[in-house]
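Throw the hints in and build the complete structure from the sequences for me.
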Amino acid sequence: MKTLSVNVRTSQLRSDPSFLGRILANLNYGSKVLLQEVQGDWLRVRSGQQDGWMHGAALSEKEIVINPGAADVERAATDSEIALAGKGFNASVERAYRQRNSNINFDAVDRMESTSISRDSLGRFVREGDLNSL
Amino acid sequence: MDRRDFIKRSSHLLLFGAGGATLAGCKTLDELAVVTDSLGGVIGSQAGSQAQSLLRVAGAASRAMEELDAEQEYYLGRTVAANVMTQYKAYNNNEANQYLNHIGRYVCLASALPETFGGYHFQIIDSDEINAFAAPGGLVMVTRGMLRCCQSEDALAAVLAHEVGHVEYRHGLQAIKRSRITSLMTTVGVEAIRHEGGAELSQLVSIFDGAIDDIMTTMVNNGYSRSFEREADRAALKILQRTGYDDRALLAMLEEMGRRLTPGGTDFAKTHPTPDSRIAEAERLLSTTRRPTTSARQARFERTMRNV
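Chains as they are written, first to last, in my numbering: chain A, 1 to 134; chain B, 1 to 308.
Derived by calculation from the structure, the hints in this document are not laboratory data.
Where hints are given, some of them may not hold.
Said to hold, decoys possible - Now the in silico label distances, taken between C-beta atoms and shown as ranges: (1) 273/B <-> 37/A: 41 to 47 Å; (2) 69/A <-> 86/B: 36 to 42 Å; (3) 36/A <-> 265/B: 36 to 42 Å.
Said to hold, decoys possible - Listed below are several chain B residues computed to face chain A (Cβ distance under 10 Å; list not exhaustive): (4) 74; (5) 83; (6) 93; (7) 96; (8) 101; (9) 102; (10) 110; (11) 111; (12) 188; (13) 294; (14) 296.
This structure is a prediction, so every number in the text was calculated from the model and none was measured.
A virtual CB, placed ideally from N, CA and C, is assigned to each residue, including glycine.
Below you can see the structure in the form of structure tokens.
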């Protein structure tokens with residue numbers, strides 16, 4: 001069985017292959033799941049003891065190593081299926097950039113990112129607008 | 001290797017097409033020479049075998065970094081959006097922004113890239129200019145001027161779907177100069193060997209700064225190529241057709257934009273192909289059966305957008 005890694009900050013394990021499916025669990029960046037079945041863009045995966053569905057966009061075939069050390073870098077030398085989390089452009093780079101550019105409006109971006117639309121609210125929006133379930 | 005492949009080889013799982021191929025074997029001698037050169041500059045003159053060993057490990061880190069992964073895309077996108085929001089002002093109409101986020105969230109779920117590291121978020125900009133921006137990773141900003149070109153929720157969905165198309169195809173990231181990616185890879189390699197951050201962090205920030213400039217120059221000042229705009233329009237039509245929105249709303253919006261744009265203006269007129277040429281191309285890709293907007297959709301659109 002193939003192991004996949006969650007490739008976004010948080011994604012959801014769902015009861016059905018649909019974004020309107022019930023959320024069974026939240027999985028964080030780098031979490032590993034086992035591939036069970038593919039249905040279009042959706043994958044049935046096992047996370048611990050739980051089975052559920054995730055969209056392929058949230059998963060990577062690469063193993064994502066959180067807090068990689070020198071040994072992981074060495075390992076990545078012979079294994080191209082490893083991705084090193086937190087390398088390159090990261091939170092420290094943003095912090096240093098902000099120190100150099102104190103006029104740049106990151107507050108507006110933080111406010112933007114704080115908007116979230118619940119599954120229920122989106123479901124209502126889709127139904128009332130006579131749109132397709134995805 | 002094509003520069004486009006380099007960025008587009010997204011780290012998310014490709015269910016169709018040539019997924020699974022790795023880039024490790026693709027590095028040309030030229031590229032390696034550049035890495036070696038810049039590595040020499042970074043590590044100074046290290047003697048013989050030590051330099052070889054550093055180079056080997058740096059090469060390993062480079063291979064692990066051969067794409068800008070979702071996390072790095074996220075940090076680039078945040079800073080691009082922060083720069084846009086510095087040039088412009090947010091429009092703080094909570095109801096309208098919530099409405100935009102419902103449409104945007106729904107539209108992105110129908111795209112080929114429904115989930116990104118930090119997710120999609122949408123914001124109205126307080127400007128009469130006709131313009132819209134999609135920062136890498138899914139931070140989308142649309143001016144009031146652009147919203148006024150939309151006569152229906154479906155047209156609004158078309159605008160957002162076009163911007164989501166730019167995110168999906170990673171058009172922003174492709175504006176980054178290749179030499180910066182090479183420097184980034186080298187710096188990460190050196191950092192991994194040294195276990196100390198100072199010099200490398202400052203180097204990374206300089207590369208980051210340059211990459212942000214590249215994206216801003218293309219996205220805000222020069223505009224994407226005609227082929228990228230066409231690609232985003234195609235993505236938008238596909239999204240509209242999946243969602244059940246009227247795909248002809250893209251044309252209606254473009255027509256309205258054509259009427260409102262000032263030729264030679266500094267906004268969308270400057271950075272996009274003419275609406276007419278986009279209409280001609282989009283017309284060929286319309287669905288055969290029309291699904292016009294519904295009265296419920298039109299009512300909520302008018303209720304929310306009438307004052308915007």
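Hints, one by one, checked against the model:
1. 273/B <-> 37/A: 41 to 47 Å: 43 Å, holds
2. 69/A <-> 86/B: 36 to 42 Å: 37 Å, holds
3. 36/A <-> 265/B: 36 to 42 Å: 54 Å, violated
4. 74: Nearest chain A Cβ about 8 Å off; hint holds.
5. 83: 6 Å, holds
6. 93: 13 Å, violated
7. 96: 12 Å, violated
8. 101: Where the cut-off is 10 Å and the nearest Cβ of chain A is about 5 Å from residue 101/B, the hint holds.
9. 102: Check passed: Cβ of residue 102/B comes within 5 Å of chain A, closer than 10 Å.
10. 110: 6 Å, holds
11. 111: 9 Å, holds
12. 188: 5 Å, holds
13. 294: 5 Å, holds
14. 296: 6 Å, holds
Hint check: violations occur at hints 3, 6 and 7; the rest are consistent with the structure.
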